[in-house]
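**Q** The primary structure of each chain is shown beneath.
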Amino acid sequence: MRGKRDRITLDHGGGGRASRELIRSYFLPRFANPFLEKMDDSAVVDIPSGRLAMTTDCYVVDPIFFPGGDIGMLAVNGTVNDLSVQGAQPLFLSAAFILEEGFELADLERILVSMARASEEANVSIIAGDTKVVPKGKGDKIYINTTGVGLVQDGLDISGSNAKVLDKVILSGPIGDHGIAVLSQREGLAFDTDLRSDCAPLNHMVEEILAVTREIHAMRDPTRGGVAASLNEIAGQSKVGIVLMEGAIRVKDEVKSACEILGLDPLYVANEGKLIVFVPPEHASHVLTAVRQNHHGGDAQIIGEVVADHPGRVVMRTTVGGTRIVDMPLGEQLPRIC
Amino acid sequence: MDRVPRTIPPMEYVDQYRDPGRIQHLVAHIRKISRKPVKLMEVCGTHTVTIFRNGIRDLLPDHVSLISGPGCPVCVTPIDGVDRAIVLSQEKGVIIATFGDMLRVPGSETSLLEQRAEGADVRIVYSAYDALLMAQRDMSRHVVFLGVGFEATAPTIAAVIQRAREAQIDNFTVLSMHKVLPPALKALVHTPELEINGFICPGHVSTIIGTDAYVPIVRDFGVPCVVAGFEPLDVLQAIGLLVRQIERGEASVQIQYRRVVSPDGNPKARALMEDVFEPCDSIWRGLGLLPASGLKLTPDYGRFDAERRFDITPVDGREPSGCICGDILRGLKRPPDCTLFRTACTPESPVGACMVSSEGACAAYYKYST
Amino acid sequence: MCLGIPMQIREIEGNAAKAVLSGTARLIYLDVLDEEVQVGDYVIVHAGFAIHKIDEKEAKETLDLFKEAGVFGSGSENDTAHGVR
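Protein sequences appear in the order of chains W, R and X.
My numbering applies: residue 4 is where the first sequence begins, and numbers increase by one.
My numbering applies: residue 42 is where the second sequence begins, and numbers increase by one.
My numbering applies: residue 17 is where the third sequence begins, and numbers increase by one.
Hints are computed from structural coordinates only; laboratory data are not their basis.
Careful, some of the hints might be misleading.
[What the hints assert, rightly or not] Cross-link-like lysine-lysine pairs, in silico, BS3-like; alpha carbons within 27 Å at most:
no. : chain 1 : residue 1 : chain 2 : residue 2
1   : R       : K133      : W       : K141
2   : R       : K133      : W       : K139
3   : R       : K309      : X       : K34
4   : R       : K309      : X       : K69
5   : X       : K73       : R       : K309
[What the hints assert, rightly or not] A few chain R residues that don't get close to chain X, going by computed Cβ distances all over 10 Å:
no. : residue
6   : L107
7   : K133
8   : L144
9   : S149
10  : S152
11  : R164
12  : M175
13  : D179
14  : Q209
15  : N238
16  : E315
17  : L328
18  : D352
19  : S390
C-beta atoms are modelled at their ideal positions from N, C-alpha and C, and glycine is treated no differently.
Build the full structure now, drawing on both the sequences and the hints.
**A** Now the structure itself:
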């Protein structure tokens, strides 16, 4: 029997009994840990001394469920990855939800289960949270914000401004899966594909890389704007040029064909489980081996290197032997991909 | 997740035409036979993108130069076309359905993208059929489809308009800004300062119109024409055929894109186009007024003509000062020759359409050119 | 805007067809095609419509560049009836 129990109502955001009931019935069982169970206003934790990394991200992907993932899984992995690429071991996440009045509780449950699973794979705990409800029409079902903190070991200096001439650029796998998987669910685009999002946590891969060498200069997990955006950012921050080999950049056939049909360039399509690593040449092949041994890095390749020419620019040698630049993407190619 | 076995086939009729081995062989051959300095024009915007995206210029000998032509339908639409679409977008109850390209093109004051932020209902479609379905789904709104494109696109719009009539749809109209290419080619050969030695002719327009239109260019001006496909191998082979003709002092119409283009084209598509549209004089950015170079809906289909259904006061659109899109579209100048290129005119804040359209020469230069 | 994609027809229903390019499928319309097509045929798709069938023999010949006379063959296979010296 459908009743007010099946959907989010304004009461759920009121901070009163309905709110607490929602937290107890839905959030706590999924994110079970001693911090949350206390239901204090803040979580107090003991952390080892060192450098703390902190990051935050908002997730507004549409649709909220897509092949290979959902908004919850994205929210956990995205923030875990932002910490990981800084060389931080992710420790704790907070998760804040803005729910639209009328949002189905069954969908909320599904998302929370997914977040629990993602947290487990990434080995992080969600220790703080918040829920607000907005009236129907004032929010699109569910928006999530996650903030993450992690610990950066001594001796690591990983930053987008730290890429050095001669560094090799490693990409952990084929690009464009996430963006196309999400697009395939959008109305009005009308194309079918079996593609699934590549949404995945990369912290274990990063640990394995750092076990090989600590001399990693820069890392990124390319999301919106694709590999092109991340590489251009680093080239700009580090004031270096980057040269890529088109033939080394892996793109699944399903992504290639969907991009052909939609007129998109895979270099600009979002990913959610790929790693870019800038590593000095003497360590490149060892790092590549480590990435390939990871479950999410089987098809990793060295895709290019850092040069002194054309600082701030990314240039690519095409498979036919010509050259083109890979420019920074313009604005909103694909809205609400992440 | 990354180890799914490969049972997906390669892109048939695409991958083979990107084969580096064949391409290198072709390039070596072009370099061997090419002696005379030549200037070749690729007319079609999609060819411009293939050339830039693959870095084809880098493969050619220095004395073979490529210049982009006016075959970018969004680029050659004069400013008042965009302005009229914007006026329509402000009408109550109107949904503007358009191909994505038009969204960011600057009008005199604003763009469709900016209007969307102001509350206008502007939606991107990938086919005119989607626009018709939109109208069928919501009878309380009126869908205006922006008809932009050349002879590859116009028959598809014609087919949709015919369907609209059959189904007696009343809330669907087309703002026709369609153009046809041959008059532009004629204008180009009549521009003496251009000195084009050969034309890389549009592949999909020719699929519809065949090759008759190129005969006068070959016969009266002695400029060879080769109809090319869109993969790097196609474009290079077409360049090779043009170079060979020029080296031999020949001038003929050849079809490189034989797997799709025949001299007679697609008569059914042309018949569809001729049933729904009739030629009209039309202004091309850069080329000015060209007689019989545009398409408008015939009186028979007047009900589907947005210009007749809505009273759009013609806006006096003026080209922004400093913008040399016109010269670029004619091939007289290249994007770096424009003082606004990369300074005042960038993809984020474009001044002219050439910088905004995905097939504009300026956009291609900005995005791909070293 | 000449963007056209080669796709293979998988199903036909009236004026519509399901076509695929290497693992990606979409609905396309056949109104503008001047020839009959069957499941398995390849067509060029522009703006959601098939505009022409792909001639497999011609496609293969375009790829088989390496004839004795050179990479363009004798050239006469690319000629139309409009050749003019």
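**Q** Beyond 10 Å from chain X, beta-carbon-wise, is Q209/R?
**A** About 18 Å separates Q209/R from the closest Cβ of chain X, which puts it past 10 Å; holds.
**Q** Quick one: work out the minimum CB distance from M175/R to chain X and report holds if it exceeds 10 Å, violated otherwise.
**A** For M175/R, whose nearest Cβ neighbour in chain X is about 13 Å away, the distance exceeds 10 Å, so it holds.
**Q** Would you assess whether L107/R, listed as outside the interface, keeps its beta-carbon beyond 10 Å of every beta-carbon in chain X?
**A** holds, 17 Å
**Q** So L144/R supposedly isn't at the interface. Is its beta-carbon more than 10 Å from every beta-carbon in chain X?
**A** holds, 14 Å
**Q** Confirm or reject: L328/R is not an interface residue toward chain X, with every Cβ-Cβ distance exceeding 10 Å.
**A** Non-interface label stands for L328/R: nearest chain X Cβ at 17 Å, farther than 10 Å.
**Q** Is the straight-line distance between the alpha-carbon of K73/X and that of K309/R 27 Å or less?
**A** holds, 23 Å
**Q** For E315/R, which was marked as not at the interface, is the minimum beta-carbon distance to chain X over 10 Å?
**A** It holds; E315/R is separated from chain X by about 13 Å at its closest Cβ, greater than 10 Å.
**Q** Does K133/R really sit off the interface, with its C-beta more than 10 Å from all C-beta atoms of chain X?
**A** holds, 29 Å
**Q** Beyond 10 Å on every Cβ pair: is that true for S149/R relative to chain X?
**A** It holds; S149/R is separated from chain X by about 23 Å at its closest Cβ, greater than 10 Å.
**Q** Could you grab the alpha-carbon distance between K309/R and K69/X and see if it respects the 27 Å cut-off?
**A** holds, 13 Å
**Q** Next pair to validate is K133/R with K139/W; report whether the Cα-Cα distance is within 27 Å.
**A** holds, 25 Å
**Q** Compute the least Cβ-Cβ separation between S390/R and chain X, then decide whether it is above 10 Å.
**A** With a cut-off of 10 Å, S390/R remains clear of chain X, as the shortest Cβ separation is near 23 Å.
When each numbered hint is compared with the structure, no violation occurs for any of them.
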